[in-house]
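Engineer: Generate coordinates for the entire structure from the input sequences, incorporating the hints supplied.
So the protein sequences, as listed, match chains A and B.
With the first letter of the first sequence counted as 1, position 215 gets the number 215 in this note's numbering; the numbers rise by one all the way through.
Start counting at 1 in the second sequence, then tack on 1000, and there's your number in this note's numbering.
No lab work stands behind these hints, which were simulated from the structure alone.
We put the beta carbon where it would ideally sit given N, CA and C, even for glycine.
Keep in mind that a hint or two might mislead.
[As the list claims (entries may be wrong)] Okay, the calculated beta carbon distance ranges per label pair: (1) Arg1003(B) / Pro135(A): 49 to 57 Å; (2) Ser285(A) / Glu1135(B): 49 to 57 Å; (3) Arg1168(B) / Leu208(A): 40 to 48 Å; (4) Pro135(A) / Pro1145(B): 40 to 48 Å.
[Said to hold, decoys possible] Computed far set for chain B versus chain A, every beta-carbon distance over 10 Å: (5) Leu1031; (6) Ile1054; (7) Lys1174.
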Amino acid sequence: MNLNNILPYKKQTLKSFFSFEFTTANVVMFLVSIALVTAMFYGIGVYLAEGHHAYGVTRDHAWGLLIAMYVFFVVSSTGLCIMSSIGHVFNIEAFKIIGKRAIVGAIIMILVGFSVIAFEIGHPVRMVIYNILTPGLTSAIWWMGTLYGMYLFFIILEFFFLNNNNHKYSTIFGLAGLVVGLAAHSNLGAVFGFLVARPFANGPFFPLYFILSAMVTGSYLLFLMYGWRYKMKFPPEVETFLYTLAKVLGLLLAVLIFFEIWRMLTAIYGNMPERADVAMHTLTSANFLVGEVLLGMLIPFAIIIYSKGKAAKALVYASITGMVGIFWMRYDLVHDTQLAHMMPLKIKEYAVTTPFVEYTPTLVEWMISLGALGLAVMMYYAADKFFDLDHKSEESH
Amino acid sequence: MARYGMALDYKSCINCKACESACKEENGILLGADKHRIWVGVPEMEGIFPNLSIGSSSYAPSQCQQCDNAPCQEVCPTNATYYDDNGVVRVNPEQCILCTYCMQACPYDARYIDDRTMTVDKCNFCSDTRLINGETTTACQATCPTKVRIFGDLDDPNSEISQVLRDREHYSLKTHLGTKPKLYYLT
Ligand code: SF4
Ligand code: SF4
Ligand code: SF4
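Structural biologist: The structure is reproduced here in structure tokens:
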């Protein structure tokens, strides 16, 4: 039996696997990825030795940067999955070319997300066992974890059939992956939205916003992946796709901005404690104003509006700021949820009262979190070497 | 089976912290874990010196509220957090995966990570050390010099706690969240 018959892949020797064109961009990317992954492994080593004490998390801020980064990766995965299904599940012409590349990205992103969360959850192995033995069916984390497991299974099968050019089954598993992915991802929003104790997070906003921002994230990532793949010299069908994508992204960003405005207005209105004060704190923070609003939404949005969606190259660069913005959206989501002191009386005696719970990630947390980006790049490089991720020309017609 | 609760005659509290010490001793709380499992809150006195309101100068002893409708239990993905037969909300360390979701969900900041087992823990009304042996006291209650703490079975109409809750006005914390706390502050 030959593996190549089951899953067609490109044969690589060690030499061909490690050889790439020596352009400045490639070499920089290579070195940065190596540095990031080294940092990640170092960080993991420190974590294994010291446990959570290596992190900046505290009792009242128990979720830190790693949770934010996990959300970042799984949002990216779901986003890529949703965007790719526009083409090969819903048959929208311009999007048909992105199938394999997007799904490989989705698989990589969720695997990297899982590898980050494994160093945040105290007992990941126990989790797998008791998730099955004593399922907590009222827990959004249980649903999120279980559905994401299924999602990963489906999108792997989807990629398998895409790679085999089996359109029937790739569509079936694509649809299954999409539906389960949407369910999983909105459940991740519900992990925060279900917190009755935290008025700023509680409610339907996060489950909805997660899906919307996943689509924005998926669009940014597609710009980045295609910008890198074609080194900004796009063939016509890719250019057509990127123009359409820019228009879709413009619409998504407009909706996102609209969502955010109303979330903040309803949060502030009426001055409800633990909601209005947290919202004001967020609204006046650089994380939100510069990170989320300027980098994550306004810069890409402005480019789309002024170029009428035709500035594909500028949008590739804007997608870098966009992804930085997306990172801050995830960070703030986790941080803002925990800002309010749950028992303010408790802290008055020994410590100076801080109006909000404070948290600063440690170097180890940064190493693992950002290092994981290097891991994602490396896995993508390997996938690109082993599989033919480009569309066939007939798929573009 | 009993349904345990605690009434706190908090205006008698003198902030001696005997309850904190007794709890740490009883449950093996590690050094440095101050205000983790049980704590005495210190509200700021009202008024401006020298016109301070003596009436406002009271302490707020607190711990896990043993909610009848506990958010921490609802969010636990592995059912490590459960209600035992006495209505006490407990954590089974074997099943806890340390996702700390319950710490996010608890409106009372009552949970903490126990560094000995690397799982989340909280006050369990001394279930492991006393209730299991048939005793009906808790360490904090037994040690309190001013008899702030009244511990007992809420389902037994003749218990001291049932009587005191009938006779005296009392309030609970954050009841608007629907958590149905079983810690009662006597006014
Ligand atoms: S006070 Fe917190 S830890 Fe205790 S039962 Fe209620 S929600 Fe759970
Ligand atoms: S930390 Fe443990 S007890 Fe708390 S929700 Fe997670 S598994 Fe349950
Ligand atoms: S032992 Fe009693 S008086 Fe002393 S701090 Fe605790 S509740 Fe207050």
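Engineer: Now, for every hint given, state plainly whether the structure supports it.
Structural biologist: Structure-based check of each hint:
1. Roughly 27 Å separates the CB atoms of Arg1003(B) and Pro135(A), a value that falls outside the hinted 49 to 57 Å.
2. Taken as a hint, the range 49 to 57 Å holds for the pair Ser285(A) and Glu1135(B), whose Cβ atoms sit roughly 51 Å apart.
3. Look at Arg1168(B) against Leu208(A): about 47 Å separates their beta carbons, and that is inside 40 to 48 Å.
4. Pro135(A) and Pro1145(B) have their C-beta atoms about 46 Å apart, which keeps the hinted 40 to 48 Å range intact.
5. At the 10 Å boundary, the C-beta of Leu1031(B) stays outside the reach of chain A, the nearest C-beta of that chain being 14 Å off.
6. Every C-beta of chain A lies more than 10 Å from that of Ile1054(B), the closest at about 18 Å, which supports listing it as non-interface.
7. Once the 10 Å rule is applied to beta carbons, Lys1174(B) is inconsistent with being away from chain A; the minimum gap is 8 Å.
Violation of the numbered hints given earlier is confined to hints 1 and 7; the remaining hints are satisfied by the structure.
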